[in-house]
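A.B. asks: Residue numbers (the working numbering), protein chains in the order written: chain A, -13 to 370; chain B, 352 to 932.
If you're looking for bench data, these hints aren't it; they were derived computationally from the structure. Where is the CB? At the ideal position from N, CA and C, for every residue including glycine. Errors might be hidden in some of the hints.
[Stated by the list, open to error] Computed list of chain B residues with no C-beta within reach of chain A, every gap over 12 Å:
{"id": "1", "residue": "373"}
{"id": "2", "residue": "376"}
{"id": "3", "residue": "552"}
{"id": "4", "residue": "558"}
{"id": "5", "residue": "566"}
{"id": "6", "residue": "645"}
{"id": "7", "residue": "662"}
{"id": "8", "residue": "744"}
{"id": "9", "residue": "794"}
{"id": "10", "residue": "822"}
{"id": "11", "residue": "866"}
{"id": "12", "residue": "872"}
{"id": "13", "residue": "881"}
{"id": "14", "residue": "884"}
{"id": "15", "residue": "920"}
[What the hints assert, rightly or not] Derived PhoX-like pairs: lysine-lysine, alpha-carbon spacing no greater than 25 Å straight-line:
{"id": "16", "chain 1": "B", "residue 1": "912", "chain 2": "A", "residue 2": "181"}
{"id": "17", "chain 1": "B", "residue 1": "360", "chain 2": "A", "residue 2": "208"}
{"id": "18", "chain 1": "B", "residue 1": "378", "chain 2": "B", "residue 2": "912"}
{"id": "19", "chain 1": "B", "residue 1": "804", "chain 2": "A", "residue 2": "208"}
{"id": "20", "chain 1": "A", "residue 1": "326", "chain 2": "A", "residue 2": "214"}
{"id": "21", "chain 1": "A", "residue 1": "181", "chain 2": "B", "residue 2": "361"}
{"id": "22", "chain 1": "B", "residue 1": "483", "chain 2": "B", "residue 2": "813"}
{"id": "23", "chain 1": "A", "residue 1": "215", "chain 2": "A", "residue 2": "317"}
{"id": "24", "chain 1": "A", "residue 1": "36", "chain 2": "B", "residue 2": "836"}
{"id": "25", "chain 1": "A", "residue 1": "181", "chain 2": "B", "residue 2": "378"}
{"id": "26", "chain 1": "B", "residue 1": "359", "chain 2": "A", "residue 2": "208"}
[Unchecked claim] Cβ-Cβ distance ranges computed for the label pairs, FRET-style:
{"id": "27", "chain 1": "B", "residue 1": "361", "chain 2": "A", "residue 2": "305", "range": "37 to 45 Å"}
{"id": "28", "chain 1": "B", "residue 1": "388", "chain 2": "A", "residue 2": "305", "range": "53 to 61 Å"}
{"id": "29", "chain 1": "B", "residue 1": "916", "chain 2": "A", "residue 2": "318", "range": "50 to 58 Å"}
{"id": "30", "chain 1": "A", "residue 1": "325", "chain 2": "B", "residue 2": "377", "range": "58 to 66 Å"}
{"id": "31", "chain 1": "A", "residue 1": "200", "chain 2": "B", "residue 2": "359", "range": "13 to 21 Å"}
Take a look at the letters that make up each chain.
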Amino acid sequence: MKKLMTGNSAVSYGVVLSRAQVISAYPITPQTTIVEELSEMVADGRLPAKFIRVESEHSAMACAAAAAATGARVFTATSSHGLAYMHEMLHWTSGTRLPVVMVNANRAIGAPWSIWCEQGDSLSQRDTGWLQLYCQSAQEAMDTVIQAYRIAEEVLLPVMVLVDGFFLSHTSEPVDIPDREAVDRFLPPYRPRYKLTPDDPHTFNIMADTSLFISFRHEAQKAMEGAKKVVARVDREFKSHFGRGYGLLEKFRCADAEVVLLTMGTAASTAREVIDHYRRMGKKVGLCRLRLFRPFPGEELIKFLKGMKKVAVLDRDNSLGAGGIVAQELKAALFCAPRKPKVFEFIAGLGGKDITPETIQKMMEITLNNANPTGAPMWLGVEE
Amino acid sequence: MKKKKPIKKKPFLPPMSLSYEGTQASKTGTWRYLTPTYLNKLAPCNEACPAGEDVEAAMVLAGQEDYLGAWEKITQENPLPRVCGRVCFHPCEGACNRQEFDQATSINALERFVGDHAFQSGKRFTPPQEKKKEKVAIIGSGPAGLSCAYHLASMGYGVTLFEALPELGGVLRYGIPAYRLPKKVLEEEIDNILSLGVEVKTGARVGQDVKWGELKKFDAVFVAAGAWKSVPLKVPGEEAQGVMSGLDFLQKANSGQTVDLGQRVAVIGGGNTAMDAARSALRLGAKPLIIYRRTKEEMPAWEEEVAETGEENLEFIFLSSPVKIITENGKVKGVECIKNLLGPVGKDGRREPRPIEGSNFTLPVDAVISAIGETPDFSFLPEELRKSAGALPVDETGATALQRVFAGGDIVAQPRTVSYAIGSGKKAAIAIDATLRGKNVAEALRSAHWGEKGSLSIALYKKGGADGVAPEVVKFSDLNPDYFKRQERKPKETLPVFQRPTGFSEVNLGLSPATALYEAKRCFNCGVCNLCHNCFMFCPDLAITARPDKQGYQINYDYCKGCCICVEECPRGAISVEVKK
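Use the sequences and the hints to build the structure in full.
C.D. replies: Below you can see the structure in the form of structure tokens.
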């Protein structure tokens, strides 16, 4: 069934189709309408789940983790400051290897005060042990939520699904809602191996002594590394069930490309037009949308960029004192590559500033017209 | 030869740090200093009920919409819930802890609802399986006699009720007007008691129709003849035609006899009999005028009845006493009164009226109903019991000076209410059973006590005491009111005032099923576990679980650390703390 819906609504439907059993969330713009709709669906019985109202995001994640530890399928959602407030619990959730799925509507973190889109909120949580999948459309947001449970429950790590605040969360587009039975076939119920139960009570997260702590971390790291294959496989299976797939990297006009634009989220759809514009001019340019950010698909990027001359990275975020986070991760991955393209780094669209075709065109001009990058990221859209 | 490499087995590592040993191995109960235990307490309504009803248990069941179960609980103690649900002055509501929160729970109206509902559902008493050989005579078929007959007959005794008047019910039939207690309701409740096999002798006035000596063939006698003698006004003209006592008037009105009241009728007195007489006179077409020697505040009638009397626009003349009935040709022409001032507080705790000299005034009336008090008539009693004045003396077990003769109801010194009478009938039943079974009567009665106010329970008597219930009464401060919503008490529906003077239709219309449930759910269930689950939810050690019979919870002391959060979070004080390991 096709329905016109916002990105946030698509997320809510994805949660319902995934048969989440516990929802624990605190509202924050631009995530609010996700939990608003879910609470309505819980209240009117469309979603037979417990909805836990909490007083903060820290508690939202604590409740989500606790519920997941009892073996329930759990959902939460937040944004920006709320995500920052969850920071400690993000570590506990992944450290307990709990398959919590969370949607974060990307929004700039203050100060100055802003409610608008920026990916720095989630990227600054990149070391917390959560998988991160960045979406481009409402359809992808719904599909990724469903996929996220399969992934999380297999690798036993929590998954964060990212939607650009307002650009995706609040704009409407036609979305194909899969049949409940079809989703049930794709996503079986969660059967945890370990769970908190009065029938066989155990202490979770007991102190690990110095000899064991590193082993637990190593196990989690191995699970993260293995997760790339799981994400790819789950996406392939999803495609065989529903006819739609997204991959770890989504490539556009890349077959013979020499210069490629790398970005995440909704900016990629704007970039397509610009790529076509250059193609019409005969330039061998392409677009690569990074869908999976954690674990970082470094090897896949090395393989993909082999033979490319230049890569322009558009970061909708900035690590103060270091630069765009996607660019940093890419450069680190490319360090050991035998042949590496030149990396042109751009920062744009912070705090909700529009990334227009002209913005991307300007990036491409700089990348195409200069033999080498300047060394420092270029900031686009700064008041001169 | 190749040497085999020793296989080094990697230790198993679960995905998260997790105790190998189940936490049940750690008996955190050993840390305990304070020990919580489930212990139901006495609810104040139970203690306050003169009829000894287990109000609390009935309210728990009513709150679960188990009205038949509630009826069973009530009628175990009191066979007249439909009567009491209409006429009881409900001291239970006066003791209700909810008063300190918003308003008392509507217990009285709920009792009526439960009684009516059970009757309409066909619920009736079950006769006893086994009969006992002993026989008991009961003199008087008012609430005390009926209650005693019910309990004794339920225990299998052969009971004979002697009633001087043509029909059973005593004050319930001949004193209380039909607009407060419809005769049909009374008859249905009496029939239910009689169905237990009670023998009835109506029109059998002991002392006249039945000689006292004839009662010797009974193994025990319960005297519950009431207080039917009116206190005279002691004013000139009292013997005139048109002057009558309140009880005589009510008895006639309640028997459907015609009473000639004329136009204006003066009702003397401020008690329930005066209110009933005045309101009945109104319904018979007269214009009553209530004359009371003190002010409204000192009126001994119940507040509710005074309020209803006020609603019906009856005229009061306060601070006035009759000094003379004015007559003409032997018939009442008027009443001469004198104005009073209130003097100092007298023996009964009320301010004494003092006549103001020269303040006399005359009111033209066609009849005078005197309702200034009633006393028992001892003339039918044997010599030994006739000595006293005012009330028949009984000891703390209800026994008179004669062996195996007990007394209760309005004939003895106790508040003259239906519920006290019902309670004294039950007390006599317990005392008679204990006597006939050769038990220590005083001890038997002690085991049946709810609290300190003299309320007696037949269930406790049969069990031999309140096993598993703490004797202390739950106070409001023992509750956790955070768990209760403020909810206004819903008023009873009443007959519109304009419809009342036209007949004896019932004024109170009771509660609708929705309101009854609302009121039942308003009950705090003081001191009694009603399976609300709070303790289970709060226990941080999962030491609290449902009992196998699902009638309560149990604590696993191997793991209870004694934090007592369950005690704190129990909304109704049903968990106690003991200091011990």
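A.B. asks: Looking at the structure, which of the earlier hints fail to hold?
C.D. replies: Numbers 1, 2, 19 - these are the hints that the structure violates, sorted from lowest upward.
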